[in-house]
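All chains, full assembly: derive it from the sequences and hints.
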Amino acid sequence: MKEIFDDQKKISYQLEIEAAVALSQSEIGMIPKSAAQNIAQMAKSGKITVKRVKQLEAKSDHDTAALVEALSETCKASARPWIHYGLTSNDLVDTSNSLQMRDAIRIIEPKIARMAMILSEMAKKYKNVPAVGRTHGQHASIISFGLKFANSALEMSKHIERIEEIKKRILICKTLGVVGTGSLMGAKALEVQKRVAKKLGLFPADVTTQVVPRERYAEYVFSVALIGSTLEKLAVEIRNLQRTEIGEVAEPFRKGQMGSSAVPVKRNPVKSERVTSLSKLLRSQLSVAFENIPLWHERDLSNSANERFILPTTSILLDEMIEAMTKILKELYVNEERIRNNLEFTMGQIFAEFVLEALIKKGVPRFEAYRDIQRVAFAASESRIDFRDAVKSDNAISSHLTEEEIDKIFVPENHLGASEQIIGNVYNIVKKSCSRFS
Numbered sequence: 220m221k222e223i224f225d226d227q228k229k230i231s232y233q234l235e236i237e238a239a240v241a242l243s244q245s246e247i248g249m250i251p252k253s254a255a256q257n258i259a260q261m262a263k264s265g266k267i268t269v270k271r272v273k274q275l276e277a278k279s280d281h282d283t284a285a286l287v288e289a290l291s292e293t294c295k296a297s298a299r300p301w302i303h304y305g306l307t308s309n310d311l312v313d314t315s316n317s318l319q320m321r322d323a324i325r326i327i328e329p330k331i332a333r334m335a336m337i338l339s340e341m342a343k344k345y346k347n348v349p350a351v352g353r354t355h356g357q358h359a360s361i362i363s364f365g366l367k368f369a370n371s372a373l374e375m376s377k378h379i380e381r382i383e384e385i386k387k388r389i390l391i392c393k394t395l396g397v398v399g400t401g402s403l404m405g406a407k408a409l410e411v412q413k414r415v416a417k418k419l420g421l422f423p424a425d426v427t428t429q430v431v432p433r434e435r436y437a438e439y440v441f442s443v444a445l446i447g448s449t450l451e452k453l454a455v456e457i458r459n460l461q462r463t464e465i466g467e468v469a470e471p472f473r474k475g476q477m478g479s480s481a482v483p484v485k486r487n488p489v490k491s492e493r494v495t496s497l498s499k500l501l502r503s504q505l506s507v508a509f510e511n512i513p514l515w516h517e518r519d520l521s522n523s524a525n526e527r528f529i530l531p532t533t534s535i536l537l538d539e540m541i542e543a544m545t546k547i548l549k550e551l552y553v554n555e556e557r558i559r560n561n562l563e564f565t566m567g568q569i570f571a572e573f574v575l576e577a578l579i580k581k582g583v584p585r586f587e588a589y590r591d592i593q594r595v596a597f598a599a600s601e602s603r604i605d606f607r608d609a610v611k612s613d614n615a616i617s618s619h620l621t622e623e624e625i626d627k628i629f630v631p632e633n634h635l636g637a638s639e640q641i642i643g644n645v646y647n648i649v650k651k652s653c654s655r656f657s
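Under our numbering, the first residue of the sequence shown is numbered 220, with each subsequent residue one higher.
Simulated from the structure, these hints should not be mistaken for lab results.
Remember, predicted model here, so these are calculated numbers, not experimental data.
Some hints here could point you the wrong way.
In the BS3-like style, the derived pairs of lysine-lysine whose C-alpha atoms are separated by at most 25 angstroms in a straight line are [claimed, not checked]:
| # | residue 1 | residue 2 |
| --- | --- | --- |
| 1 | 221 | 330 |
| 2 | 295 | 278 |
| 3 | 549 | 651 |
| 4 | 263 | 221 |
| 5 | 221 | 270 |
| 6 | 221 | 386 |
| 7 | 221 | 344 |
| 8 | 499 | 221 |
| 9 | 344 | 650 |
| 10 | 295 | 273 |
Shown next, in the form of structure tokens:
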């Protein structure tokens with residue numbers, strides 16, 4: 220991922236664009252074929268180095284002009300007038316940005332698909348494991364432990380859909396010159412751009428100023444940040460489930476690893492915390508991308524310097540986060556005994572929803588049943604009495620339910636609902652959306 224944004228690689232992208240433009244122009248008779256062939260040959264020769272471009276830039280104080288001059292030095296005299304013909308700096312800058320985003324996506328998408336499959340496999344593995352479902356940080360009701368993984372698995376596959384959808388908007392080829400009219404190439408400007416876009420695997424711009432509209436870049440950064448937020452959501456869940464009081468999962472902890480410099484027994488969720496930390500930095504880039512949208516007239520340079528940071532930074536950060544989270548998930552320790560024990564933490568009160576349901580089905584008005592269950596539950600908590608025993612002892616409830624019916628309510632496996640079907644559906648969706656990356 221870093222290599223995509225390396226200085227030499229950026230020059231290679233821009234030279235690739237110069238070659239594609241020259242060849243496209245020659246195909247429709249705009250410039251001599253011999254000139255185009257020489258420009259393309261020299262652009263792909265590897266002779267134009269960062270060192271030489273930097274030397275020329277030190278004199279001109281213009282990076283694109285330096286690149287064009289470096290290319291000119293290697294070309295025949297007869298080809299030099301046709302180098303960069305009809306183009307402006309941002310034709311190279313914006314189109315090379317698109318090539319960088321294209322290649323970044325090619326790295327990111329398969330990794331997202333891989334993680335989606337890992338998560339969906341984990342969802343299947345734990346689909347029949349009842350666990351505490353928590354809302355507001357409190358025990359709420361019973362959930363399939365596999366459903367936790369299914370939720371994230373589906374979102375990762377949806378991120379693939381989102382990326383596919385934005386490609387046609389963000390991977391833009393722009394060769395329309397100084398203010399977006401294609402003035403020097405005239406009526407053939409759009410044909411040149413169409414041909415260049417095809418050669419580069421991009422989409423031709425429909426309309427631009429001197430620059431591609433920065434809404435396109437903001438959408439890329441937003442999409443990357445959105446994926447990062449899903450990874451953070453997963454990291455936060457792992458961190459919380461690894462809390463000493465909960466202890467349902469734990470990050471891999473290798474031999475010799477130290478959790479704390481002071482406390483020898485600690486196993487801190489540092490990898491998930493790293494993902495959370497990087498997600499904050501990743502999201503911060505989005506505000507800059509939005510600030511770049513309202514430029515002056517046909518363009519100014521207030522976006523230029525920061526885009527050299529936000530595009531590589533967001534791409535590299537996300538790649539690192541995906542790598543880190545994939546490693547966590549592949550070796551995540553799931554403590555099924557602790558999951559089972561946590562179901563009993565409230566001494567049966569997690570089954571309150573199902574007691575309410577049973578009373579309603581017996582014809583008891585909802586709020587009458589609700590108040591009775593609440594009264595019994597609160598009293599049981601104060602007295603440290605098992606909720607099932609309290610239910611059986613309370614006449615207002617037990618007069619409607621047999622002891623056998625009450626016992627059946629307090630079996631956690633009876634309350635997984637449609638979890639198995641939901642997880643199966645998610646698995647099939649993820650498998651289908653990720654199949655082309657396998």
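Hints, verified against the model:
This hinted pair checks out: residue 221 and residue 330 have alpha carbons roughly 16 angstroms apart, not beyond 25 angstroms. Between residue 295 and residue 278 the CA atoms are separated by roughly 23 angstroms; this keeps the pair inside 25 angstroms, and the hint holds. Between the alpha carbons of residue 549 and residue 651 the distance comes to roughly 21 angstroms, so the proposed pair stays at or under 25 angstroms and holds. Among the hinted pairs, residue 263 with residue 221 is consistent with the structure: their alpha-carbon atoms are about 21 angstroms apart, no more than 25 angstroms.
Note on residue 221 and residue 270: the hinted pairing holds, with a Cα-Cα distance of about 19 angstroms set against a maximum of 25 angstroms. Between residue 221 and residue 386, the direct Cα distance comes to roughly 21 angstroms. Compliance with the 25 angstroms bound is thereby established for this hinted pair. For the hint pairing residue 221 with residue 344, the CA-to-CA distance comes to about 36 angstroms; that exceeds 25 angstroms, so the pair is violated. Simply put, residue 499 and residue 221 have alpha-carbon atoms about 20 angstroms apart, close enough for the 25 angstroms limit, and the pair holds.
A distance of roughly 15 angstroms separates the Cα atoms of residue 344 and residue 650; the hinted pair therefore holds under the 25 angstroms criterion. Proposed proximity of residue 295 and residue 273 is supported: the alpha carbons are some 22 angstroms apart, at most 25 angstroms.
In the structure shown, a violation is registered for the earlier hint numbered 7 alone.
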